[in-house]
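Novice: So the protein sequences, as listed, match chains H and L.
FYI, in the working numbering the residues of the first sequence are 1 to 118.
FYI, in the working numbering the residues of the second sequence are 1 to 109.
No lab work stands behind these hints: they were computed from the structure.
Worth double-checking, as some hints may not be accurate.
Unchecked claim - Only pairs whose alpha carbons sit at most 27 angstroms apart, straight line, appear in this in silico DSS-like list of lysine-lysine: (1) H:Lys20 / H:Lys66; (2) H:Lys64 / L:Lys96; (3) H:Lys14 / H:Lys66; (4) H:Lys66 / L:Lys96; (5) L:Lys96 / L:Lys69; (6) H:Lys14 / H:Lys41; (7) L:Lys96 / H:Lys41; (8) H:Lys104 / L:Lys96; (9) L:Lys3 / H:Lys41; (10) L:Lys96 / L:Lys3; (11) H:Lys104 / L:Lys52; (12) L:Lys69 / H:Lys66; (13) H:Lys55 / H:Lys41; (14) H:Lys20 / L:Lys96; (15) H:Lys41 / H:Lys66; (16) H:Lys64 / H:Lys41; (17) H:Lys104 / H:Lys66; (18) H:Lys14 / H:Lys64; (19) L:Lys96 / L:Lys52; (20) H:Lys41 / H:Lys20; (21) L:Lys96 / H:Lys55; (22) L:Lys69 / L:Lys3; (23) L:Lys3 / L:Lys52; (24) H:Lys41 / L:Lys52; (25) H:Lys55 / H:Lys20; (26) H:Lys55 / H:Lys104; (27) L:Lys69 / L:Lys52.
Stated by the list, open to error - Label-pair distances were calculated between CB atoms; the ranges are: (28) L:Thr79 / H:Gly100: 43 to 51 angstroms; (29) H:Cys13 / L:Ile39: 22 to 30 angstroms; (30) H:Val3 / L:Pro7: 30 to 38 angstroms; (31) H:Ser73 / L:Lys52: 31 to 39 angstroms; (32) H:Lys64 / L:Lys3: 26 to 34 angstroms; (33) H:Cys13 / L:Arg81: 47 to 55 angstroms; (34) L:Met59 / H:Leu26: 18 to 26 angstroms; (35) L:Pro76 / H:Lys104: 20 to 28 angstroms; (36) L:Arg16 / H:His7: 33 to 41 angstroms; (37) L:Pro7 / H:Ala72: 39 to 47 angstroms; (38) L:Phe108 / H:Thr31: 22 to 30 angstroms; (39) L:Thr101 / H:Glu63: 45 to 53 angstroms.
Remember, it's a predicted structure, so these values are computed and weren't measured experimentally.
Just so you know, even glycine gets a beta-carbon here, dropped at the ideal spot from N, CA and C.
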Amino acid sequence: GAVVSQHPSRVICKSGTSVKIECRSLDFQATTMFWYRQFPKQSLMLMATSNEGSKATYEQGVEKDKFLINHASLTLSTLTVTSAHPEDSSFYICSARYLGGGEKSPLHFGNGTRLTVT
Amino acid sequence: DAKTTQPPSMDCAEGRAANLPCNHSTISGNEYVYWYRQIHSQGPQYIIHGLKNNETNEMASLIITEDRKSSTLILPHATLRDTAVYYCIVLYNTDKLIFGTGTRLQVFP
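Chain H on its own, in the form it takes in the complex (with noise of 0.2 angstroms):
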């Protein structure tokens, strides 16, 4: 049980373009999602959490108008890289918390998008 899903795996994209990347919880409902990043040889950096049904909270440095997040549903939540460049290649990673599990519970980890722009 508890699994996240991401999609996609990989993708590569032209600079000065857009790209969504989404995560799902496929078998539990989750009412908060969170987004890291990771670059080569460093540790994961929380990005944002994800609400359902309200705005997205950004960690300090990440702008929130160029990694957009929409948590539309109780088991979908979206990071789109705006206007993306070759300094956002990076390991996108998302998480979950289970609703039902209590603050305690641990997070759920999807695979990751590896986001190369060129």
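Given the structure of chain H, go ahead and fit chain L onto it with the hints provided.
Specialist: Coordinates of chain L only, in the frame set by chain H:
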């Protein structure tokens, strides 16, 4: 949330127990210890978590010292597939899970 300190890397022979330490000397009474691992180019995988008592599941055991200032994750019979970066994280709830640099475990044949 309390800060954690982990060795940057460790080696372990296949079939032997892997004991991964974590120091969290500033942990407060209501903070839990969580362990995740990340195999190369995949998302992190939850392993185990605990508050005071030792915990065991099908993946690993978590040993927390009585003063809660440190803990050890034990993989009882390491396999090559256990090669990964292991993260020890201390927090009150799983909002804003912040990852440190972790321990890179290399299991060798």
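Novice: If you draw a straight line from the CA of Lys41 (chain H) to the CA of Lys66 (chain H), is it 27 angstroms or shorter?
Specialist: Given that 27 angstroms is the threshold and the Cα spacing comes to 24 angstroms, the pair holds.
Novice: Is the gap between the beta carbons of Phe108 (chain L) and Thr31 (chain H) within 22 to 30 angstroms?
Specialist: violated, 43 angstroms
Novice: Hey, Lys20 (chain H) versus Lys96 (chain L), does the alpha-carbon distance stay inside 27 angstroms?
Specialist: holds, 23 angstroms
Novice: Holds or violated: Lys14 (chain H) with Lys66 (chain H), Cα cutoff 27 angstroms?
Specialist: Holds - the C-alpha atoms of Lys66 (chain H) and Lys14 (chain H) are around 16 angstroms apart, at most 27 angstroms.
Novice: Taking only the CA atoms, is the gap from Lys41 (chain H) to Lys52 (chain L) under or equal to 27 angstroms?
Specialist: violated, 33 angstroms
Novice: Quickly compare the C-alpha distance for Lys14 (chain H) and Lys64 (chain H) to 27 angstroms and report which way the hint goes.
Specialist: Within the cut-off at roughly 21 angstroms; holds.
Novice: Can the restraint linking Lys20 (chain H) and Lys66 (chain H) be considered satisfied, given a maximum Cα separation of 27 angstroms?
Specialist: holds, 12 angstroms
Novice: So if I understand the rule, the pair passes when the alpha-carbon distance is 27 angstroms or less; does Lys69 (chain L) with Lys52 (chain L) pass?
Specialist: holds, 10 angstroms
Novice: Can you let me know if the beta-carbon spacing of Thr101 (chain L) and Glu63 (chain H) is within 45 to 53 angstroms?
Specialist: violated, 25 angstroms
Novice: With the threshold set at 27 angstroms, check whether the alpha-carbon distance from Lys104 (chain H) to Lys52 (chain L) stays at or below it.
Specialist: holds, 14 angstroms
Novice: Does the alpha-carbon distance linking Lys66 (chain H) and Lys96 (chain L) stay inside the 27 angstroms limit?
Specialist: Holds: Lys66 (chain H) and Lys96 (chain L) sit about 21 angstroms apart, inside 27 angstroms.
Novice: Does the Cβ distance between Lys64 (chain H) and Lys3 (chain L) fall inside 26 to 34 angstroms?
Specialist: holds, 28 angstroms
The structure is inconsistent with the numbered hints 12, 13, 17, 24, 28, 33, 38 and 39, although it conforms to all the rest.
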